[in-house]
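Build the full structure now, drawing on both the sequences and the hints.
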Amino acid sequence: MNSITYLQSLNSKLHQLLNSRDDIIILGEDIQDPYGGAFKVTKGLSQKHPQKIFSTPISEGAIIGVANGLALRGFHPIVEIMFGDFLTLTADQIINHLCKYKWMYNNRVDPSVVIRTPMGGRRGYGPTHSQTLEKIFLGVPFLDIVAPSNFHDPGQLIENCIDNGGPFLFIENKSLYPNPIYIEPSDYIRNFKVEISGEKKFPIIHLSNNDFEEVDFLIFCYGGIVPIVENASDGLLRDEEITSELFIPSLINHFNDWRISEKLLRCKNILIVEESSTPFGWGAEIVSWLIENHKISRNKTINRIGSLHCPIPSSKNLENIVLPSADFIIQTIKDLV
Amino acid sequence: MIAFNVPQVGVNDEFVTLMKIFTEDLKEVNKGDLVCIIESSKATMDVEAPESGYIKLNAKTGDQVKINSILFYILKNPEELVSIVDQPLENSEQVNATRKAIELAKNHGIDLTTFSNKTIIREKDIQKLIEKRNGEINIKSGIDDQRWLSKLGTGFSEIRELNKSQKLIAGNLSQVHQSVVTSYFSMIIESTPLQKIIDQFKENNKIILTHTEIVIYCISRLLTKYPLLNSFLLDESVRFYEETNIGFTIDINDRLIVPVIRNCNQKTLVEIARDANIFKMKAIMNKVIPADLMGGSFTVSNLIDGNLLIFLPVINIYQSAVIGISGNFSLPTGDASNQLIITLGIDHRIINGKYAANFIRDLKAQLMSVFVDIV
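So the protein lines, in turn, are chains A and B.
Take the first sequence: its letter number 332 is residue 363 in the numbering used here, and every next letter is one higher.
Take the second sequence: its letter number 221 is residue 226 in the numbering used here, and every next letter is one higher.
Possibly wrong hints are sitting among the right ones.
Pairs of lysine-lysine, BS3-like flavour, derived with a Cα cap of 27 Å [to be verified]:
| no. | chain 1 | residue 1 | chain 2 | residue 2 |
| --- | --- | --- | --- | --- |
| 1 | B | K71 | A | K347 |
| 2 | B | K292 | B | K105 |
| 3 | B | K32 | A | K224 |
| 4 | B | K129 | A | K294 |
| 5 | A | K299 | B | K133 |
| 6 | B | K32 | A | K331 |
| 7 | A | K365 | B | K111 |
| 8 | B | K32 | A | K365 |
| 9 | B | K133 | A | K224 |
| 10 | A | K224 | B | K123 |
| 11 | A | K294 | B | K81 |
| 12 | B | K81 | A | K224 |
| 13 | A | K299 | B | K129 |
| 14 | B | K32 | B | K81 |
| 15 | B | K105 | A | K365 |
| 16 | A | K224 | B | K105 |
| 17 | A | K299 | B | K105 |
| 18 | B | K230 | B | K32 |
| 19 | A | K331 | B | K129 |
| 20 | B | K123 | A | K299 |
Facing chain A, a subset of chain B residues (Cβ under 10 Å, in silico) [to be verified]:
| no. | residue |
| --- | --- |
| 21 | A102 |
| 22 | R104 |
| 23 | K105 |
| 24 | K123 |
| 25 | R127 |
| 26 | E128 |
Rather than coming from a laboratory, the hints here were simulated on the basis of the structure.
Think of the CB as a built atom: it goes at the ideal place given N, C-alpha and C, for glycine as much as any other residue.
Printed below as a string of structure tokens:
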């Protein structure tokens, strides 16, 4: 099993990209060495490539604005927004400018900007540094959102975003940075059988702890919540022999998996787990997608689990209550069965 | 009974190392006695007995023990051990299996470590194995029973189906009977020295000792010299057991069970007697679990209370020898003292007569010298 971490995958891929390509420029706050970024994703880059790494003033709107300009001139800027919570400051540049260029200039430009940002809680960083805000951007036209889980290779996904062209919001859940990632092809990971589907650039990972036969729960989840869902799923199997299949996309704002109809037929219930609060969120969109495009029999239950609809507390104990935990997921599923 | 959990010595530690143990299982300790030393990443710590009682350790020297897991138990009396034995095994977590699978396996005496599943072992995997195993047990006589029964010309007052464990025993014995070629060797032994040990033991250790345990003790010391007796024949090859696990018969409430005392060659006579007494107690309380009956490599059957001269015990499945103890009365040989008859049954396919005769001769010598050994 591969032993590199989520953080190492990102860092080594950025090194590799800067070594091999001249059109990549990285912008962000405090990303130069010796600090190397708040989460050390850009560690060591500025030493080797001082001309390509720019530590910027604390002005998120300006950072995206500069990146937009670079993209219009043919560069491939990668932007680091230190905390995902600060994306709100970039909203105008992203929504009103970046995502509209291609359309406004009749496809004569391809503003290929990748905006990397760490999201999520569980680190005790409090209400303004712990949120999961991608749901605010999920409905923006021409903006794709990628959120790799620990079953994806985040480094490879960054490269795929650049190759794909067009603006990307790249969500890194900060709780995943130290996690090992599973990128070597393997039929089984722990108690799960693994299948991969979807576009090659943005794969969807499927994990089943019942060999892809009928399961009690089909669970949709992405990003930082995945290891928690995985634990819950394993606990349910261990204690109650409740089986589940996990559906883990990397590109989270649209996906089309032809196998989903088949999966829906062989699951008894559907559950969507996300780290942000559920109202008007990703889970709601999944439910609409399932209902509009696929026939779901009436005897199936559909449920969502997310954080409480309130700011994230600084206190660790309270944060644990607000964010969905493995125990909470287990209890919810037990109540549903 | 008190369970002592590993304390959090250092804030960041998940495990401590058990460095040294100052006592042993079922030894009496007083409150405040030093039990062991544990070491965290930062310091060592003496662990004292929180209460007086008998120690049952849950880890051995050098083990990495998880914080908050049970390090040892303090029993009010050794008999409480039964309730620990009945608890699910601590290391069952290490086996990748669901709770239901662990329970089912435990109830059927199935060793989960023998599974080679790619992922977690489930209830259905155990059920499959049980079905397969039940299919293998063949109690049938080999003739057309139905046809024979129809010509019998008499009815039955009752047809009583065997219960699960009886079926298992019947199946095993049928299998042995069909394959093993048994040969028997008997010897007379004077009972008086053994009776002295038994009496002495009662006085010194307050432990009930019978002839069975003394014989088990002596056999266990001899089996390294006679490894064929601790083996069995399967598919044209002899498989020698690593451990010396000796089963002994308990006939209680018309139910014959053969619990197995493990690693007898590493145990003292006191420990063997203690183990045997625990099994006897469990048998009375009907608390013997299938796991207690598995893994025997040799069997001792004791029928000295039956006033029998001699009997021929049957060799158990996957074993090559059995000892029967009978007699214990004055024989008309002129000697007035009580005499025991020891009968050894062997699988003649792999053990020849001379080997067996030497063993039983050595066993006699061992039994005569055990008195010197212990007292």
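Consistency of the hints with the structure:
With a C-alpha separation of about 24 Å, the suggested pairing of K71/B with K347/A holds against the 27 Å cut-off. Note on K292/B and K105/B: the hinted pairing holds, with a Cα-Cα distance of about 20 Å set against a maximum of 27 Å. This hinted pair does not check out: K32/B and K224/A have alpha carbons roughly 49 Å apart, beyond 27 Å. For a cut-off of 27 Å, the pair hint linking K129/B to K294/A stands: about 23 Å separates their Cα positions.
About 25 Å separates the Cα atoms of K299/A and K133/B, which keeps this hinted pair within 27 Å; it holds. A C-alpha spacing of about 59 Å is found between K32/B and K331/A, which places the hinted pair above 27 Å, so the restraint is violated. Distance hint between K365/A and K111/B is fulfilled; the C-alpha atoms sit about 25 Å from each other, no more than 27 Å. In summary, the hint linking K32/B to K365/A is not supported, as the alpha carbons are separated by about 45 Å, beyond the 27 Å threshold.
Only pairs whose Cα atoms come within 27 Å are accepted, and K133/B paired with K224/A is accepted, the gap being roughly 21 Å. At most 27 Å may separate the alpha-carbon atoms for a hinted pair to count; K224/A and K123/B meet this at roughly 9 Å. With a C-alpha separation of about 57 Å, the suggested pair K294/A and K81/B falls outside the 27 Å cut-off, and the hint is violated. A hinted pair counts as satisfied when its Cα atoms are at most 27 Å apart, and K81/B with K224/A does not qualify at roughly 49 Å.
A threshold of 27 Å between alpha carbons decides the hint, and for K299/A with K129/B the separation of about 19 Å falls inside it, so the pair holds. At most 27 Å may separate the alpha-carbon atoms for a hinted pair to count; K32/B and K81/B meet this at roughly 11 Å. A distance of roughly 16 Å separates the Cα atoms of K105/B and K365/A; the hinted pair therefore holds under the 27 Å criterion. Of the pairs offered as hints, the one joining K224/A and K105/B holds, with about 21 Å between alpha carbons and a cut-off of 27 Å not exceeded.
As the CA atoms of K299/A and K105/B are separated by approximately 21 Å, the hinted pair is consistent with the 27 Å bound. Under the criterion of a C-alpha separation no larger than 27 Å, the hint pairing K230/B with K32/B is inconsistent with the structure, at around 31 Å. Of the supplied pair hints, the one linking K331/A and K129/B holds, its CA atoms being roughly 25 Å apart against a limit of 27 Å. Straight-line distance between C-alpha atoms of K123/B and K299/A comes to about 25 Å, which keeps the hinted pair within the 27 Å bound.
Annotation: interface hint on A102/B holds; nearest CB of chain A at approximately 8 Å, less than 10 Å. Interface restraint check: R104/B against chain A, minimum CB-CB distance 5 Å, threshold 10 Å, status holds. The interface hint given for K105/B is met, as the beta carbon of that residue sits about 6 Å from the closest beta carbon of chain A, less than 10 Å. The interface hint given for K123/B is met, as the beta carbon of that residue sits about 5 Å from the closest beta carbon of chain A, less than 10 Å.
With a cut of 10 Å, the hint placing R127/B at the interface with chain A holds, because the nearest CB-to-CB distance is about 6 Å. Checking E128/B against chain A: minimum C-beta separation of about 6 Å stays under 10 Å; hint holds.
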